[in-house]
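Residue strings, one per chain:
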Amino acid sequence: MADLSTEFAGIKSPNPFWLASAPPTDKQYNVERAFEAGWGGVVWKTLGEDPAAVNVSSRYSATYDGFGNVAGFNNIELITDRTLEVNLREIEAVKKSWPDRALVVSLMVPCEEESWKKIVKQVEQTGADGLELNFGCPHGMPERGMGAAVGQVPEYVEMVTRWCKQYSTLPVIVKLTPNITDIRFSARAAHRGNADAVSLINTINSITGIDLDNMVARPIVDGKSTHGGYCGPAVKPIALNMVSEIARDPETKGLPISGIGGISNWRDAAEFISLGAGCVQVCTAAMIYGFRIVSEMKDGLSRWMDSKGYETLTDFQGLAIANTTDWKYLNMNYKVVASIDDEKCIGCGRCYIGCEDTSHQAIKAIAQTDGSNKFEVIEAECVGCNLCQITCPVENCITMVKQDSDKPYMNWTQDPRNPYRDAG
Amino acid sequence: MTTSNIAVPTAETPSMDTHSPSLDTHLSPSSLDTLFSDLQPPLTDRQAAIESARCLYCYDAPCIKACPTGINIPSFIASLHAGNVEGAARTILESNIMGGSCARVCPTEILCEQSCVRNKEAECAPVLIGRLQRYATDHASFTGHPFKRAEASGKTIAVIGAGPAGLSCAHRLAMLGHEVEVFEAEDKAGGLNEYGIARYKLTDNYAQQEVDFILGIGGITVHSGKALGRDIQLDTLVTEFDAVFLAIGLQATRQLQLDQEHHSAVMDAVDYIKTLRQASDLSELVVPQSAVVIGAGNTAIDIACQLKRLGAEEVTLVYRRGEQDMGATHHEQQIAKQHQVRIRTWSRPETIHVDENGHLTGMTFRRTELQQNHLVDTHLSEQIACEAIFKAVGQTLSLPEADDVELPVIQNGKIHVDEHFKTSMDKVFAGGDCTGIGQDLTVEAVQQGKLAALAIHQSLCQKTA
Numbered sequence: 001m002a003d004l005s006t007e008f009a010g011i012k013s014p015n016p017f018w019l020a021s022a023p024p025t026d027k028q029y030n031v032e033r034a035f036e037a038g039w040g041g042v043v044w045k046t047l048g049e050d051p052a053a054v055n056v057s058s059r060y061s062a063t064y065d066g067f068g069n070v071a072g073f074n075n076i077e078l079i080t081d082r083t084l085e086v087n088l089r090e091i092e093a094v095k096k097s098w099p100d101r102a103l104v105v106s107l108m109v110p111c112e113e114e115s116w117k118k119i120v121k122q123v124e125q126t127g128a129d130g131l132e133l134n135f136g137c138p139h140g141m142p143e144r145g146m147g148a149a150v151g152q153v154p155e156y157v158e159m160v161t162r163w164c165k166q167y168s169t170l171p172v173i174v175k176l177t178p179n180i181t182d183i184r185f186s187a188r189a190a191h192r193g194n195a196d197a198v199s200l201i202n203t204i205n206s207i208t209g210i211d212l213d214n215m216v217a218r219p220i221v222d223g224k225s226t227h228g229g230y231c232g233p234a235v236k237p238i239a240l241n242m243v244s245e246i247a248r249d250p251e252t253k254g255l256p257i258s259g260i261g262g263i264s265n266w267r268d269a270a271e272f273i274s275l276g277a278g279c280v281q282v283c284t285a286a287m288i289y290g291f292r293i294v295s296e297m298k299d300g301l302s303r304w305m306d307s308k309g310y311e312t313l314t315d316f317q318g319l320a321i322a323n324t325t326d327w328k329y330l331n332m333n334y335k336v337v338a339s340i341d342d343e344k345c346i347g348c349g350r351c352y353i354g355c356e357d358t359s360h361q362a363i364k365a366i367a368q369t370d371g372s373n374k375f376e377v378i379e380a381e382c383v384g385c386n387l388c389q390i391t392c393p394v395e396n397c398i399t400m401v402k403q404d405s406d407k408p409y410m411n412w413t414q415d416p417r418n419p420y421r422d423a424g
Numbered sequence: 001m002t003t004s005n006i007a008v009p010t011a012e013t014p015s016m017d018t019h020s021p022s023l024d025t026h027l028s029p030s031s032l033d034t035l036f037s038d039l040q041p042p043l044t045d046r047q048a049a050i051e052s053a054r055c056l057y058c059y060d061a062p063c064i065k066a067c068p069t070g071i072n073i074p075s076f077i078a079s080l081h082a083g084n085v086e087g088a089a090r091t092i093l094e095s096n097i098m099g100g101s102c103a104r105v106c107p108t109e110i111l112c113e114q115s116c117v118r119n120k121e122a123e124c125a126p127v128l129i130g131r132l133q134r135y136a137t138d139h140a141s142f143t144g145h146p147f148k149r150a151e152a153s154g155k156t157i158a159v160i161g162a163g164p165a166g167l168s169c170a171h172r173l174a175m176l177g178h179e180v181e182v183f184e185a186e187d188k189a190g191g192l193n194e195y196g197i198a199r200y201k202l203t204d205n206y207a208q209q210e211v212d213f214i215l216g217i218g219g220i221t222v223h224s225g226k227a228l229g230r231d232i233q234l235d236t237l238v239t240e241f242d243a244v245f246l247a248i249g250l251q252a253t254r255q256l257q258l259d260q261e262h263h264s265a266v267m268d269a270v271d272y273i274k275t276l277r278q279a280s281d282l283s284e285l286v287v288p289q290s291a292v293v294i295g296a297g298n299t300a301i302d303i304a305c306q307l308k309r310l311g312a313e314e315v316t317l318v319y320r321r322g323e324q325d326m327g328a329t330h331h332e333q334q335i336a337k338q339h340q341v342r343i344r345t346w347s348r349p350e351t352i353h354v355d356e357n358g359h360l361t362g363m364t365f366r367r368t369e370l371q372q373n374h375l376v377d378t379h380l381s382e383q384i385a386c387e388a389i390f391k392a393v394g395q396t397l398s399l400p401e402a403d404d405v406e407l408p409v410i411q412n413g414k415i416h417v418d419e420h421f422k423t424s425m426d427k428v429f430a431g432g433d434c435t436g437i438g439q440d441l442t443v444e445a446v447q448q449g450k451l452a453a454l455a456i457h458q459s460l461c462q463k464t465a
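Protein sequence lines, in the order shown, are assigned to chains H and Z.
Just so you know, we're using full-length UniProt numbering here: the first sequence kicks off at 1 and counts up by one.
Just so you know, we're using full-length UniProt numbering here: the second sequence kicks off at 1 and counts up by one.
Some clues are possibly wrong.
Computed list of lysine-lysine pairs in PhoX-like fashion (alpha-carbon distance at most 20 Å, straight line) [unchecked claim]:
{"#": "1", "chain 1": "Z", "residue 1": "LYS427", "chain 2": "Z", "residue 2": "LYS155"}
{"#": "2", "chain 1": "Z", "residue 1": "LYS274", "chain 2": "H", "residue 2": "LYS374"}
{"#": "3", "chain 1": "H", "residue 1": "LYS364", "chain 2": "H", "residue 2": "LYS374"}
{"#": "4", "chain 1": "H", "residue 1": "LYS344", "chain 2": "Z", "residue 2": "LYS120"}
{"#": "5", "chain 1": "Z", "residue 1": "LYS155", "chain 2": "Z", "residue 2": "LYS422"}
{"#": "6", "chain 1": "Z", "residue 1": "LYS274", "chain 2": "Z", "residue 2": "LYS226"}
{"#": "7", "chain 1": "H", "residue 1": "LYS96", "chain 2": "H", "residue 2": "LYS117"}
{"#": "8", "chain 1": "H", "residue 1": "LYS374", "chain 2": "Z", "residue 2": "LYS155"}
{"#": "9", "chain 1": "H", "residue 1": "LYS335", "chain 2": "H", "residue 2": "LYS407"}
Rough simulated footprint, nothing fancy, chain Z against chain H, three-plus residues with beta-carbon under 8 Å [unchecked claim]:
{"#": "10", "segment": "74–84"}
{"#": "11", "segment": "338–348"}
{"#": "12", "segment": "370–379"}
These are computed hints drawn from the structure, not numbers from a lab.
Quick reminder that beta carbons are idealized off the backbone N, C-alpha and C, glycines included.
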């Protein structure tokens, strides 16, 4: 079986599956249960200065798919609501019992040098493996000048990172907020501040839905609500993009990335790693299914690696980065056309109506004598947009077939149709 | 038990001692009622939510084409999935005002659900359209009637028969602004739904609830206990009303043409089912220990299964051809098998046996086979012992004949209508089982009633113009 062990920013763990800083890592009891279940590491739920934060009730809400499964998750919880001292003692105890697992501690204190200096020293004494700076928490803490309020200002990110690196010998991971316009700016700032790694994404400002009977957003706190932090499968595409942006940015290329955002199974993890992540952090999936899911994640990842001949994670880490580029470098001479497998087609007509109403009128519906319809692609009209394939409920019924082209690779910067071609 | 006891299966007959000893002879009325609870329980909210998610919202959906009333099935399921139960129900009812009972009695396995593309998809299972339809119609809570009447037309139409075709026609005519007078021979409106459907398919007095709902639109007056030819005459109706719609169904039953057929223990299945459906206390019904049911349609299955539920020990359904030729759908045949009804095919009724005391003892069947596509007798025969025989060999039209009264032209034993449901008589239309269109399904009767109403409306408008 493939070797899943990792060394991320100098922190070793037996597998790349860490639990993200969140409710599941708030105390010794949970973390030990997680380690027993096989998680490679945890990022302890964010510590702050005493007095400890106070949380409200209720705290979570969700969006669901058509079958009632959680698609997206949202919370308005703050950092740990237990005292710093209790947390530090528990961290120390856990690390002693589980020396082979990664134990990173998430931190958030006011933007003052003394505060950071003090807390990083305290954490270092617990024997923890690393620090994660929480510059992402989108609710509650920003109003107090912390969390996303810091993460949204690259200068602050750089400054606090620098302090932590100055006062601590531990690896420093900077957790980035996605609530910005361009993730590269905060990643570059972390890099300038000598961060050992970045982790992303933290949760996204969100309202999952409204209780239309009472006219209040969810989750509801005595008839009122506030925006929460969005996570779960729904945010994965956003997270993958941000990871790739950092991975292929010349300024941050090679900076270790811990991937976070909607990772629910081994395939999600493999995708983050293929875009350069050195380890992944999971939260929502564990909250919905419990810690036991890590066994399927580990097994699936190593079996897939075996099937591909990858012996270690580094064998495929970042392999998809080179194939992620800017739009202008895509091949203008490449063309695919939809093809419908009549044998597999069940006749639902979704491909037809989607294309007819909203795309390129490239599918014909041909009435059959038995009252059913046969659907046929009009190749000359098909732009290869994938819409029909996406709407088709039958696996492999519609495929996008590459068209032979005698034209060589030509991107938009070279395309004579580009009026600004010369400007490059 | 004496045969005379079996002969009059009325609710009034005290006959606790006639129950099969195999089933608890001391079944209380309430536990018997439990045996006649829903054959298929209604979907829960959660089940409906999950099931509705399975609909692919097909373009030009095959299920719509397979529904005789053309309900926009993908639309109602999409509404249901979005939590718009009233919208879903209205979509159903605007095509089929009896969408509630059809959801329960339709052979969906040969209609909408058979054509569902999910059958062809890897799941190999259709969306449970019938049960979703029931969910929508059961849970919709309209304020008032969901349909408004058009401005009064000043026209009055007589509808003969308050079964599915008659009620559907009456409702649509009322919607179009006409006044409708419905004449029904029985005490209650509802027709087949009230008197002829297996009790476990339409429970909790649903048939009457639905009648009340339909009449809720207003403009419809029901005269019960008025039979055509006895209390009302077609020629008078034609002069008194602007149009007449015949929805009289099939009242007569086919006979076996055998000796002893008039024995009191040889009964028409439809009569027994009617008694069963109307019984307020099932424990008072007379139930034979062993019975033979002759026929292969849904009525045969219905009577056989209900006899089993009532406590009959041995019920044998006998059919002269093979299973594939049976009128009952495969699904219905499965229900019979689940009820442990013995199905005997390739057997033609030959002799009814009555002993010297006048008791029915059994029946002899001639084994049959196909020879060059012709059903022929073989030299084999077999005797099946039974206490009662139930005939379910089909129903036929019975138009009351009277001197001097013009009747519509009959073709192949049914009222002949043109494509506009018009009979050979001026101002007289017909629809439902009494005509030769379709397979005599409730849902088809509803559709014919609706289309006939539109045709009547059209003809009245033309005459006015």
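- Are Z:LYS427 and Z:LYS155 close enough, with their CA atoms no more than 20 Å apart? Measuring from Cα to Cα gives roughly 12 Å; hence the hint holds.
- Below or equal to 20 Å on CA atoms is what counts here, so check Z:LYS274 against Z:LYS226. holds (18 Å)
- Is it true that the CA of Z:LYS274 sits at most 20 Å from the CA of H:LYS374? This hinted pair is violated, its Cα atoms lying about 47 Å apart.
- Query: Does the alpha-carbon distance linking H:LYS374 and Z:LYS155 stay inside the 20 Å limit?
  - Reply: violated (47 Å)
- Coverage claim, chain Z over the segment 338–348 of chain H, checked by counting residues with Cβ within 8 Å (three needed): holds (count 3)
- Item | 8 Å C-beta test of the segment 74–84 of chain H against chain Z, three or more residues | This one is violated; 0 residues, fewer than the three required, reach chain Z with a Cβ under 8 Å.
- Query: Under a C-beta cut-off of less than 8 Å, do 3 or more residues of the segment 370–379 of chain H approach chain Z closely enough to confirm the stated coverage?
  - Reply: holds (count 3)
- Message: With the threshold set at 20 Å, check whether the alpha-carbon distance from H:LYS364 to H:LYS374 stays at or below it.
- Response: Distance ~8 Å between H:LYS364 and H:LYS374 Cα, so the pair holds.
- Pair hint H:LYS335 and H:LYS407, alpha-carbon separation not exceeding 20 Å: holds (11 Å)
- Message: Checking one constraint from the list: CA of H:LYS96 to CA of H:LYS117, max 20 Å. Satisfied?
- Response: At roughly 24 Å apart (the allowed maximum being 20 Å), H:LYS117 and H:LYS96 break the hint.
- Item | Agreement of Z:LYS155 and Z:LYS422 with the hint, judged by alpha carbon distance not exceeding 20 Å | holds (18 Å)
- Agreement of H:LYS344 and Z:LYS120 with the hint, judged by alpha carbon distance not exceeding 20 Å: holds (8 Å)
Violation of the numbered hints given earlier is confined to hints 2, 7, 8, 10; the remaining hints are satisfied by the structure.
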